[in-house]
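There are 2 protein chains.
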Amino acid sequence: MLSYRTNKPRIIVTTGDPAGIGPEIISGAIAKDEIASLGLFIVVGGKKIFESVLPSRVQKNISFHTLQEALTLGDFRDGMIHMVDPEVSPGDITFGKPSAEASRFALACLEASVKLIKALPADVPKAIVTAPVNKGGIASISPGFKGHTEYFQEAFASEMITMALVGRHLSVIPVTRHIPICSVARALNEEVVFKAIKQVAEYRRVISGMDEPVIGVCGLNPHCGENGKIGDEEIKIIKPAIDRALKIYSKIKGPIPADTVFYQAMKKEINIVIAMYHDQGLAPFKMVDFDSGVNMTLGLGCVRTSPDHGTAYDIAGKGIASSRSMEEAIKLAADRAHAG
Amino acid sequence: MLSYRTNKPRIIVTTGDPAGIGPEIISGAIAKDEIASLGLFIVVGGKKIFESVLPSRVQKNISFHTLQEALTLGDFRDGMIHMVDPEVSPGDITFGKPSAEASRFALACLEASVKLIKALPADVPKAIVTAPVNKGGIASISPGFKGHTEYFQEAFASEMITMALVGRHLSVIPVTRHIPICSVARALNEEVVFKAIKQVAEYRRVISGMDEPVIGVCGLNPHCGENGKIGDEEIKIIKPAIDRALKIYSKIKGPIPADTVFYQAMKKEINIVIAMYHDQGLAPFKMVDFDSGVNMTLGLGCVRTSPDHGTAYDIAGKGIASSRSMEEAIKLAADRAHAG
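Those protein sequence lines, which keep their order, are chains A and B. Everything in the first sequence is counted per our numbering, starting at 2 for the first residue and increasing by one. Everything in the second sequence is counted per our numbering, starting at 2 for the first residue and increasing by one.
To be clear, the hints were calculated from the coordinates, so they are not data collected in a lab. The structure displayed is predicted, hence computed values, not measured ones. Keep in mind that a hint or two might mislead.
[As the list claims (entries may be wrong)] Below 20 Å or equal to it, Euclidean Cα-Cα: the simulated PhoX-like pairs (lysine-lysine) are: (1) K9/B to K147/B; (2) K230/A to K269/B; (3) K48/B to K9/B; (4) K136/A to K230/B; (5) K254/B to K269/B; (6) K98/A to K252/A; (7) K199/B to K254/B; (8) K252/A to K230/A; (9) K269/B to K252/B; (10) K240/B to K196/B; (11) K230/A to K147/B; (12) K147/A to K49/B.
[Claimed, not checked] To list a few chain B residues with every Cβ distance to chain A over 12 Å, as calculated: (13) A37; (14) H66; (15) A156; (16) S159; (17) P175; (18) H179; (19) R187; (20) M211; (21) K230; (22) T261; (23) G320.
[Said to hold, decoys possible] Covered by chain A, per the in silico footprint, the following chain B stretches (three or more residues, Cβ under 8 Å): (24) 137–150; (25) 218–229.
C-beta: ideal position from N, C-alpha, C; glycine also.
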């Protein structure tokens, strides 16, 4: 029987697109002692990718493994950063240049991270942190790929996942995501809104880090529709959904007009905001948490976080990308790894 | 010929609903020397309403007039607050109690303010500051009343007006206002968006206080539609409208995703944000400028500002309402009164 010597959370970090800023922001983050000490790191990306970006003083703390070795290792040594090579070679990657090879490698890293997570015992605290991928690039070699969230949802056979944006000022969950504004109203019904609130209520501790956060649910229309004068979704859909959810958890308020709820959230009267659509939640969120914002996926069986930015090909490999958002993603993953 | 002895801006302040917090926030604001010194104040609301709320040390600086006196006065004495009685008696007003009498009086104050503004020579700097009214209450005695903005638009025969929200952090103009989310997309067309941008460009100095502010125009859909994948209004409507407006004024950027433009605005890379709909602009605005936010109407021939809150019947007459938002409205009105 394998023994697990440390109760530190296992943080599986995926490189993302190896031609993007992933490798350097991961290196920048784990080079900091206050980050490296947060967990036992297993970085999925491999020797070849990281050799060029790892600061020399960090290199001595790295141990390299093949995926097969990592899967049979049972435990990882505390105090080391474990670097795992996926089963696909990165080939010749040039920073800043998207390529099919880079996308194939990024996808292999995701596959490897899922295998690693599944190989860990259920009671070991664990989380996945993903660096950005080129969605279009992966979709062109693996049709149907929509993004990390959907990939993991399928890989972990999750019935329903919730995407939360967690920052220093706000925590926001959009009920609908990447759909046109003209489709938002008809994408909402009582069941959809209820399920979203229910899942947020269930994961409230993971999202907020608090036992009893106050959840504020946005209305859809200006001024919450002014009693049906400017749209009736608040009356027909959102209020009934909140009433049902209140039977599960009592600290849910709403519907609250979007131009009020974020002000209340800034004053900490509301701790988690559920928005009805993408920009309703993300415009306020990114305004105040652009640099510290972390994307968190819930419902996978383990927490997954990611920095809230893209591959940034234009600056990749130049050593100028800030690792701050990656550090925030790692901190949040480590803090919530026990919560699952 | 009448002579106008001071070039200080004439600030016409309307009481709003006399049973709301209007009288006390006006009194609180003009009791402060730094506010009273900003212009020559003509408060339309009358003796009976203000007697109970004016601090005694201010009372000696007040001169009371009937509307007829005020209209024939020609000039007002500098250093005094001029209080004008509209032609309708306030009757028995009880603070905190909406009534037809109160609404009739509030409407009479608006009518009087229009007469006063029209009686002032064109070259005298002037502005209107309005305290909140009970829209429903006025509509029930004057059918068709929708709010200050529409009232003044008709009274001044303005072809097109723009509502701007001006705060310490942000200046935001929504292209569409109080309509349901399901109607937003079809309310937009190139002409509507172009006219909104054009008017903002023309009034850019009044809105921003800067000569050459950068105007940022929001997209409608998440991520600006990702090249048509999540809605095509950016391609078909917003971009063509911006291109036309760029011929009038060059510092217009967009379409910019809503989850980026407000972050840029907070960093002062964008000085004025044009939002496509109410919550897209107002949720971020009120989050950071709830207390200092001022509503500004442009296109009337003179600037009109108002605090960004309602009648607050629940606290009216108790002396606990904060006059801060009214002070901000007066400051902005005084500062932009020369700009028209």
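Outcome of the hint check:
no., hint, verdict
1, K9/B to K147/B, "violated, 32 Å"
2, K230/A to K269/B, "violated, 36 Å"
3, K48/B to K9/B, "violated, 24 Å"
4, K136/A to K230/B, "holds, 14 Å"
5, K254/B to K269/B, "holds, 13 Å"
6, K98/A to K252/A, "violated, 48 Å"
7, K199/B to K254/B, "holds, 13 Å"
8, K252/A to K230/A, "violated, 28 Å"
9, K269/B to K252/B, "holds, 14 Å"
10, K240/B to K196/B, "holds, 13 Å"
11, K230/A to K147/B, "holds, 13 Å"
12, K147/A to K49/B, "violated, 67 Å"
13, A37, "holds, 30 Å"
14, H66, "holds, 38 Å"
15, A156, "holds, 24 Å"
16, S159, "holds, 23 Å"
17, P175, "violated, 9 Å"
18, H179, "violated, 5 Å"
19, R187, "violated, 7 Å"
20, M211, "holds, 21 Å"
21, K230, "violated, 8 Å"
22, T261, "violated, 7 Å"
23, G320, "holds, 24 Å"
24, 137–150, "violated (count 0)"
25, 218–229, "holds (count 6)"
Hint compliance for this structure: hints 1, 2, 3, 6, 8, 12, 17, 18, 19, 21, 22, 24 are not met, and every other hint is.
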